[in-house]
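Got chain A; can you put chain B with the ligands on it based on the hints?
Listed below are the residues making up each chain.
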Amino acid sequence: MIEKLFKFHGGVHPPEHKAESAATPIRPVPMPARLVLPLRQHIGNVAKVKVAVGDHVLKGQQLAAPEGMISAAVHAPTSGTVVAIDEQLIPHVSGLPDLCITLQADGEDRWIEREPLDYEDMEKTAVIEALRQAGVVGLGGATFPTHVKLRADPRHPVKTLILNGAECEPFITCDDRLMRERADEIIRGLQIMAYLLDAECCLVGIEDNKPEAAQAMRTACARSAVPVEVVLVPTLYPGGGAKQLIKVLTGWEVPSGKLPSEIGVQCFNVATAYAVHRFIDHGEPVISRIVTVTGKVARPGNFEVPLGMAIETLVQAAGGAAPDIDGFIMGGPMMGFKLPSPRVPVVKATNCIIAASPDLFPPQPLPMPCIRCARCADVCPANLQPQELYWFAKSQNFEKARDYHLFDCIECGCCSYVCPSHIPLVQYYRYAKSEIIALDRAKQAANLARERNQLRLARIEREKQERQARHAQKAMGAKTDTAADEAKKAIIAAAIERAKAQKAAVTPQNTDHLPPEAQAEIARIEARRSQAMEQQKE
Amino acid sequence: MVSALLVMVGLGLVLGALLGYASIKFRVEGDPLVDKIDAILPQTQCGQCGYPGCRPYAAAIAKGEADINQCPPGGEAGVRALADLLGVEPKPLNTAHGVPKPKSVAVIDENLCIGCTLCIQACPVDAILGAAKQMHTVIASECTGCELCVAPCPVDCITMVPIPETVSNWKWRYPVFEIKAVS
Ligand code: SF4
Ligand code: SF4
Ligand code: SF4
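Chain order of the listed sequences is A and B. When you number the first sequence by our numbering, it's gap-free, plus one each residue, and the end is 538. When you number the second sequence by our numbering, it's gap-free, plus one each residue, and the end is 1183.
Among the hints, a few may not be true.
Unchecked claim - Here are the simulated lysine-lysine pairs, DSS-like style, with alpha carbons at most 25 angstroms apart: (1) 433(A) <-> 258(A); (2) 1036(B) <-> 443(A); (3) 400(A) <-> 1133(B); (4) 1171(B) <-> 338(A); (5) 1101(B) <-> 1091(B); (6) 124(A) <-> 7(A); (7) 500(A) <-> 489(A); (8) 1171(B) <-> 1101(B); (9) 488(A) <-> 474(A); (10) 433(A) <-> 1133(B); (11) 159(A) <-> 258(A); (12) 124(A) <-> 159(A); (13) 296(A) <-> 338(A); (14) 1091(B) <-> 1103(B); (15) 1101(B) <-> 433(A); (16) 443(A) <-> 1133(B); (17) 464(A) <-> 1133(B); (18) 443(A) <-> 1101(B); (19) 443(A) <-> 1171(B); (20) 1103(B) <-> 433(A); (21) 159(A) <-> 4(A); (22) 1036(B) <-> 1091(B); (23) 394(A) <-> 1171(B); (24) 1025(B) <-> 443(A); (25) 1025(B) <-> 1103(B); (26) 443(A) <-> 400(A); (27) 1036(B) <-> 400(A); (28) 1091(B) <-> 394(A); (29) 1091(B) <-> 400(A).
These aren't lab readings, by the way, just hints derived from the structure by calculation.
Isolated chain A (complex conformation):
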């Protein structure tokens, strides 16, 4: 039993805006005629295409296989024909295109053979490999491949398994609805995960603004075989951050630069647990997800959306957007980003689409200089010094920014939210982080180039020395030339002898065994021939 909850540092209370979309049950959407499936829907290596243009595929068939350990597969959300494998716009902040598979639905929605996995009779590694092939990733938005987190590591046994149902971002209600409607399935997924990790304690953290979800989950837990405790945590953004939720539930701090598993905790989103259940118990890979559509749309709510459906089509299912919108935000207002186009597809990371308008999100006033009020430091859940980080990022003093734990920043946006000078602090941190990552890569490339250059110079030097050695030997060898020649000639002569002997030995003597008449005949012919030769000579 959890008796006491802890508090993480900082946090803010932005307006929730959850009521708009939380009231109605999850709705299905009609299967679109065309689906665009990016190969980069997860953190790690891009999946490798396994189909060709023109191939007919079934619902749930693997279209792209995971490449390496940190990678996840991509599957067909419906049956149909692969019509293109090319670069298309994807939901990414850069607005750049990336490789996608385009599927033309055939309208039959025909499944592959689906079989539940008898996971308790299998090696755990085989179950984890199956999850890798099933494309299960963190569906809370981070999309880190789940199988990597489920591999039990003997060095850091995971004792505590936490299911994250906090859903702290404003506007988003997809986990809320999922917990209300499919609690048993989520708990079933949790059981499988606990089995794979040998976890001793299972907790579900839910913010106390979702009492219905908590009630549904409690009921499901009461029915479940393994003991699970549902804990209501105070509503405080970003209480759904993995490190923050761990702190609230257990009081443990995940040290800077470390993973939760290194202190014996593993944290999964409720939707991920649901996806694990769908695959293990029904053989269904990840081909759809629950998406909240809210903001300035006619009928906000949650939808079960096949991956690859265009955002604009999904928005139509929610009754269409108001005319005054100025774009769509994917994710929440705190951590999300504006989509480059309404035509980009829904991917595994798409938890929420907000039709944004200037009256919903008024433009920020121009930033003013930092007055060092330290309000940002008061709210930072990672316990950083945002005003210092801002200073270092702005002056491109990246080494200093790194020293001040820039990479512990979870980009939650609390600091920008409270800054009285309206400084878009997170933008500076993102800029600094990507510069540092690029510099690190350049450094690695430079080290490789240095090494290769040194190897090349060493090789050239070695070849030069070898050549000199050869020349020196030649000069020395000139005197002993005749002797060497003699030896060589002898060898050649011997070889010729050998060859002659061999030839003689194998020359066919096919006249040996002929009858006497034939022998006599041959003798006569030979005599005539020698006679003729004699005459010719004369």
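Same frame as chain A, now just chain B with the ligands:
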């Protein structure tokens, strides 16, 4: 008095021997300053600085023979890092040695290549694969973009192609704000 003196002399001898041993055992190979400078240089090995590679340029800087602003691939950031290391004032890049360009890789037109191996001999990091009279190709991940292979090619089949921006190498931009005039 005598014993104190003996102790001090003894200590001195022992510690001296220890230091002497350490200086032999843990001697730093090479020149640490050259290494530090070399670590800052971009290792493009292009020779634009006027030296046959980054390390020779590093050695020249260490000796005070070369200025710190001769490396175009390193750019202004490189000059600043060198100035920091050496404790001197940064200065603008000397454009006599060239100007910074976006990072590129060499691409061989495989239909035109005659397999002369001249580019292989020019490449400072052995990033070109091929053999006599065989088609040659560049290992893009290993190419530093030094351009040294371009000139030797007798059929001009090598071009420098700038590395395009993709989702995986895209970087967040420095925040900029439009300043609207007050009417
Ligand atoms: S909240 Fe804004 S003004 Fe205050 S210290 Fe932080 S960055 Fe500076
Ligand atoms: S965005 Fe980063 S620095 Fe700002 S409050 Fe969140 S964790 Fe702290
Ligand atoms: S100019 Fe070229 S060779 Fe010289 S230091 Fe810079 S990268 Fe190295």
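If you draw a straight line from the CA of residue 443(A) to the CA of residue 400(A), is it 25 angstroms or shorter?
17 angstroms, holds
With a cut-off of 25 angstroms on the C-alpha distance, tell me whether residue 394(A) and residue 1171(B) pass.
15 angstroms, holds
Are residue 1171(B) and residue 338(A) close enough, with their CA atoms no more than 25 angstroms apart?
16 angstroms, holds
Does the structure keep residue 1036(B) and residue 443(A) at a Cα separation of 25 angstroms or less?
13 angstroms, holds
If you draw a straight line from the CA of residue 1101(B) to the CA of residue 1091(B), is it 25 angstroms or shorter?
Measuring from Cα to Cα gives roughly 19 angstroms; hence the hint holds.
Does residue 1133(B) sit within 25 angstroms of residue 400(A), going by the straight-line distance between their CA atoms?
Outside the cut-off at roughly 53 angstroms; violated.
Pair hint outcome, residue 488(A) versus residue 474(A) [Cα-Cα no greater than 25 angstroms]
Judged against 25 angstroms, a Cα distance of about 17 angstroms means the pair holds.
Take a quick look at whether residue 443(A) and residue 1133(B) sit within 25 angstroms of each other, Cα to Cα.
With a Cα-Cα distance of about 36 angstroms, the restraint between residue 443(A) and residue 1133(B) is violated, given a limit of 25 angstroms.
Holds or violated: residue 1091(B) and residue 394(A), Cα atoms, limit 25 angstroms.
Given pair residue 1091(B), residue 394(A) holds - Cα atoms ~22 angstroms apart, limit 25 angstroms.
Under the criterion that the straight-line Cα-Cα distance not exceed 25 angstroms, is the pair residue 159(A), residue 258(A) satisfied?
Distance of about 17 angstroms is within 25 angstroms: holds.
Are the Cα positions of residue 1025(B) and residue 443(A) separated by 25 angstroms at most?
31 angstroms, violated
Pair hint residue 1101(B) and residue 433(A), alpha-carbon separation not exceeding 25 angstroms
The given pair, whose Cα atoms are some 23 angstroms apart, holds under the 25 angstroms limit.
Comparing the model with each earlier hint shows violations of hints 3, 6, 10, 16, 24, 25; every other hint is respected.
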